[in-house]
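All chains should be modelled from the sequences, with the hints used to inform the complete structure.
From first to last, the protein sequence lines are chains A and B. Numbered continuously in this note's numbering, the first sequence closes out at residue 239. Numbered continuously in this note's numbering, the second sequence closes out at residue 378.
If you're looking for bench data, these hints aren't it; they were derived computationally from the structure. Ideal placement from N, C-alpha and C gives every residue a C-beta, glycine not left out. Any given hint could be a false lead.
[Stated by the list, open to error] A short list of chain B residues far from chain A (calculated; beta carbon distances all over 10 Å):
hint: 1; residue: D244
hint: 2; residue: L249
hint: 3; residue: A313
hint: 4; residue: G314
hint: 5; residue: L321
hint: 6; residue: D323
hint: 7; residue: P346
[To be verified] So the derived list for chain B, only partly shown, Cβ under 7 Å to chain A, looks like this:
hint: 8; residue: L289
hint: 9; residue: V290
hint: 10; residue: A369
[Stated by the list, open to error] A few chain B residues facing chain A, derived, Cβ under 8 Å:
hint: 11; residue: L268
hint: 12; residue: H297
hint: 13; residue: A361
hint: 14; residue: D362
hint: 15; residue: L364
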Amino acid sequence: MISEQSPGAASQRPANTIELAGVTLAIDPAGALYWPDQELLAVADLHLEKGSSYARRGVLLPPYDTAATLERLSRLIDRYAPRVVVALGDSFHDRGGADRLAPDDRAALAALQDARDWIWITGNHDPDPAPGIGGVFAHHVAIGPLAFRHQPEADVPEGEIAGHLHPAARVSTRARAIRRRCFAADARSMVMPAFGAYAGGLNVRDSAFVALFAASGFTAHVLGEGRIHAIAAAHCLPD
Amino acid sequence: MLGDDLEAWLAESNLMKRSFRACAIIAGLIERRFPGKEKTGRQVTVSTDLVYDVLRRHQPDHLLLRATRADAAAGLLDIRRLGDMLSRVSGRIVHKALDRVSPLAVPSLLEIGRELVQGEAADTLLAEAADALIREAMG
Numbered sequence: 001m002i003s004e005q006s007p008g009a010a011s012q013r014p015a016n017t018i019e020l021a022g023v024t025l026a027i028d029p030a031g032a033l034y035w036p037d038q039e040l041l042a043v044a045d046l047h048l049e050k051g052s053s054y055a056r057r058g059v060l061l062p063p064y065d066t067a068a069t070l071e072r073l074s075r076l077i078d079r080y081a082p083r084v085v086v087a088l089g090d091s092f093h094d095r096g097g098a099d100r101l102a103p104d105d106r107a108a109l110a111a112l113q114d115a116r117d118w119i120w121i122t123g124n125h126d127p128d129p130a131p132g133i134g135g136v137f138a139h140h141v142a143i144g145p146l147a148f149r150h151q152p153e154a155d156v157p158e159g160e161i162a163g164h165l166h167p168a169a170r171v172s173t174r175a176r177a178i179r180r181r182c183f184a185a186d187a188r189s190m191v192m193p194a195f196g197a198y199a200g201g202l203n204v205r206d207s208a209f210v211a212l213f214a215a216s217g218f219t220a221h222v223l224g225e226g227r228i229h230a231i232a233a234a235h236c237l238p239d
Numbered sequence: 240m241l242g243d244d245l246e247a248w249l250a251e252s253n254l255m256k257r258s259f260r261a262c263a264i265i266a267g268l269i270e271r272r273f274p275g276k277e278k279t280g281r282q283v284t285v286s287t288d289l290v291y292d293v294l295r296r297h298q299p300d301h302l303l304l305r306a307t308r309a310d311a312a313a314g315l316l317d318i319r320r321l322g323d324m325l326s327r328v329s330g331r332i333v334h335k336a337l338d339r340v341s342p343l344a345v346p347s348l349l350e351i352g353r354e355l356v357q358g359e360a361a362d363t364l365l366a367e368a369a370d371a372l373i374r375e376a377m378g
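Listed below in structure tokens is the structure:
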């Protein structure tokens with residue numbers, strides 16, 4: 001089910017692989033998915049410009065969330081050198097997000113997009129294609145047996161990879177309960193963790209997840225500091 | 240030892256994050272939720288920990304971070320005094336194993352377990368929990 005590698009290799013290679021609809025995928029503790037056969041890197045719910053979105057409503061937060069998120073994404077792109085990057089929707093926190101990108105962040109994003117395909121899946125926060133940020137826009141994209149979309153379908157088709165829900169797991173340990181972002185997955189489909197610096201999390205015990213997965217349950221692949229911990233969702237704690 | 244290592248460790252610590260939360264509340268950055276107070280509209284659910292991490296990386300000299308450090312240094316952990324003391328006793332430390340707790344050590348011992356230490360510990364705890372559940376499933 002899970003293959004763990006030696007700690008020394010963890011910084012070079014992903015610690016875990018996961019089988020989904022017969023495809024072997026690597027899941028990275030940073031919250032990203034890598035499909036080696038397609039050289040495809042997927043991230044979900046970047047929520048870029050969430051800080052500035054709140055600022056416009058009078059809630060002032062430090063505006064560096066976009067830079068922080070892009071910096072983490074840049075490290076992943078350096079490591080995997082993907083041919084294709086798929087951003088699974090809610091990449092911008094609101095419709096005007098792409099316009100508000102600071103010049104530095106805009107340049108950083110353009111540098112990441114250089115020499116590779118970039119697919120923006122549209123989400124509920126960013127339903128319209130944004131001009132001037134490069135890449136192509138799609139509601140969903142199917143590649144081989146896998147389908148990438150923002151919002152998981154109620155009757156989940158096999159091979160679906162979605163975001164939107166921001167899964168997080170609360171795990172009881174010897175010392176204390178630990179709450180972390182996680183991948184929620186069974187053998188058929190997966191919900192990816194939110195990647196954005198300011199994105200919150202929804203507990204995997206929430207009814208939204210129950211509807212998505214078979215009665216046999218699903219696994220929370222909990223993001224640790226340098227590795228991923230697979231824990232049956234039924235064993236995770238509610239908030 | 241009291242150089243950059245300690246500085247880096249402290250910055251990651253819950254102690255600093257807690258001080259930052261207090262500063263953020265005073266600054267009006269976040270609202271404290273009181274029991275009984277109804278949620279009104281869309282509430283900011285951004286945690287101060289996330290804000291702290293982002294701010295620390297991108298504007299380390301921010302006023303709120305300076306206030307946090309000042310609060311923590313004076314109120315919670317007097318690094319300068321500790322540093323002075325260590326350089327004063329340097330070379331004159333007698334290490335002796337006692338068969339009981341010395342009176343002056345009692346306050347320290349009472350603090351053990353009160354403060355959360357971030358880092359590797361979380362991974363170790365999560366791995367233990369995952370292993371325990373696998374063992375349980377395998378019978």
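So, going through the hints one by one against the coordinates:
1. Taking the minimum C-beta to C-beta distance to chain A, about 18 Å, the non-interface status of B/D244 holds against the 10 Å cut.
2. The Cβ of B/L249 sits about 18 Å from the closest Cβ of chain A, beyond the 10 Å cut-off, so the non-interface label holds.
3. Distance to chain A confirms B/A313 as a non-interface residue, since its nearest Cβ pair spans about 24 Å, more than 10 Å.
4. Its beta-carbon lying about 23 Å from the closest one in chain A, B/G314 satisfies the requirement of being farther than 10 Å from that chain.
5. The beta carbon of B/L321 sits about 26 Å from the closest Cβ of chain A, which is more than 10 Å, so the claim that it is off the interface holds.
6. The Cβ of B/D323 lies farther than 10 Å from every Cβ of chain A, with a closest approach of about 34 Å, so its non-interface assignment holds.
7. The claim that B/P346 is not at the interface with chain A holds, since no C-beta of that chain comes within 10 Å of its own (minimum 22 Å).
8. This hint holds: B/L289 has a C-beta 6 Å from the nearest C-beta of chain A, less than the 7 Å allowed.
9. Hint on B/V290 holds. Least Cβ distance to chain A is approximately 6 Å, under the 7 Å limit.
10. Taken as an interface hint, B/A369 checks out: its beta carbon lies about 4 Å from the nearest beta carbon of chain A, inside 7 Å.
11. At a threshold of 8 Å, the smallest CB-CB gap from B/L268 to chain A is about 7 Å, leaving the interface hint in force.
12. Taken as an interface hint, B/H297 checks out: its beta carbon lies about 4 Å from the nearest beta carbon of chain A, inside 8 Å.
13. The beta carbon of B/A361 comes within 6 Å of a beta carbon in chain A, closer than 8 Å, and the hint placing it at the interface holds.
14. About 4 Å separates the beta-carbon of B/D362 from the nearest beta-carbon of chain A, less than 8 Å, and the hint is met.
15. Contact between B/L364 and chain A, as hinted, is supported at the beta carbon level, the nearest pair being about 4 Å apart and thus within 8 Å.
Violated hints: none; the structure is consistent with every hint.
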